[in-house]
Amino acid sequence: METTAAMFAPTRNLLDWLSSSGLAVSLTVLGAVLMARLVNWGGSKITDRIDNNYKQGDALVRSEATKHRHSVAQVITWVIITIIYVIATMKVLDQLNLPIGSLVAPATVLGAALGFGAQRVVQDILAGFFIITERQYGFGDTVQLAVTGSSEDAEGVIEDVTLRVTRMRNSDGEVITVPNGQIVKAVNLSKDWARAVIDVPVPASSDINRVNEVLHQVGVEAFADRGLKKLLLDEPTVMGVESLTVDEVSVRVVARTLPGKQFQVGRALRVRIATAMRRQGITVEPDLQTVQVAEGEG
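Residue numbers (our numbering): 3 to 300.
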């Protein structure tokens, strides 16, 4: 009998623990997970509502205030979830009768050991804090980031900004994640407004006044077009001669556009300019003498 009682003693002790401390620990962990999911769900609803209530642009172009609110909502959600898990961890330690005071000394030693390795994490969080508070860029912005240790800049559309990382998608559809602390320079290509710049090469013998008239007319027609007028903030402007060589003159045309739409407007204007120039008989022809020399050498 004593042997049988000894065999069932561990099971009875486990059941007693589960009915007391174990149940409390399980409920605490379950409650923390449910609260974290609820906060995450609420944050997603808020960011979706922010995206659906933007005041300017189309589905791909959001106002600066909307982009900032989206980023702040994401960060607040992340901070609340972190606080929930920290409080739940402290509560579980207390329910397991682990004195938190006795853990201060080991935690101090562990914190000092991890401090050297956590420097980059702290740097990322501080950099992310200033990126969001200073509104350097936000959700939906087209940016170009110079990253420490990378020879090529990361360029794409921002999909997520947290205190630690910036997540963006480039033109090839690839998702790029960059730690905020490693960002050396951020070029926002869609801040408030953007500008499409087109340099039009023409022969040096061309009548520049006539070229300016043709380009001005192209700008007037482009601004009158319903499709392009939605993307343009004002009529494209002919800035004049930008560069001059022996055989070629470059005339610059600029157009202010909605944020992130400079590339689409630039492509549309180039098509219109090429068509108008060809219609007027203004083209840049290759140097015939150079071609003949090349053929003779062959």
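There could be a bad hint or two in this list.
Calculated cross-link-like contacts (lysine-lysine; reagent style DSBU-like; alpha-carbon spacing at most 35 Å) [unchecked claim]:
hint	residue 1	residue 2
1	K47	K193
2	K231	K93
3	K231	K187
4	K193	K231
5	K93	K187
Label pairs and their calculated CB-CB ranges [to be verified]:
hint	residue 1	residue 2	range
6	K231	V199	37 to 47 Å
7	R137	D227	30 to 40 Å
8	I284	G229	21 to 31 Å
9	R280	F132	13 to 23 Å
10	L246	E136	19 to 29 Å
11	E136	W195	13 to 23 Å
12	K93	G229	51 to 61 Å
Just so you know, the hints here were simulated from the structure itself, not pulled from any lab data.
For each residue, glycine too, the CB sits at the ideal point set by N, CA and C.
So, going through the hints one by one against the coordinates:
1. K47 to K193: 26 Å, holds
2. K231 to K93: Status violated; Cα separation ~60 Å.
3. K231 to K187: Roughly 33 Å separates the two Cα atoms, so the pair holds.
4. K193 to K231: 19 Å, holds
5. K93 to K187: 43 Å, violated
6. K231 to V199: 37 to 47 Å: 19 Å, violated
7. R137 to D227: 30 to 40 Å: 33 Å, holds
8. I284 to G229: 21 to 31 Å: Holds, since I284 and G229 (Cβ atoms, about 26 Å apart) stay within the stated range.
9. R280 to F132: 13 to 23 Å: Since the Cβ atoms of R280 and F132 sit about 50 Å apart, the hinted range of 13 to 23 Å is violated.
10. L246 to E136: 19 to 29 Å: 41 Å Cβ-Cβ, so the 19 to 29 Å window is violated.
11. E136 to W195: 13 to 23 Å: 19 Å, holds
12. K93 to G229: 51 to 61 Å: Between K93 and G229, where Cβ atoms are some 59 Å apart, the hint holds.
Checked against the numbered hints given earlier, the structure breaks hints 2, 5, 6, 9, 10 and satisfies all the rest.
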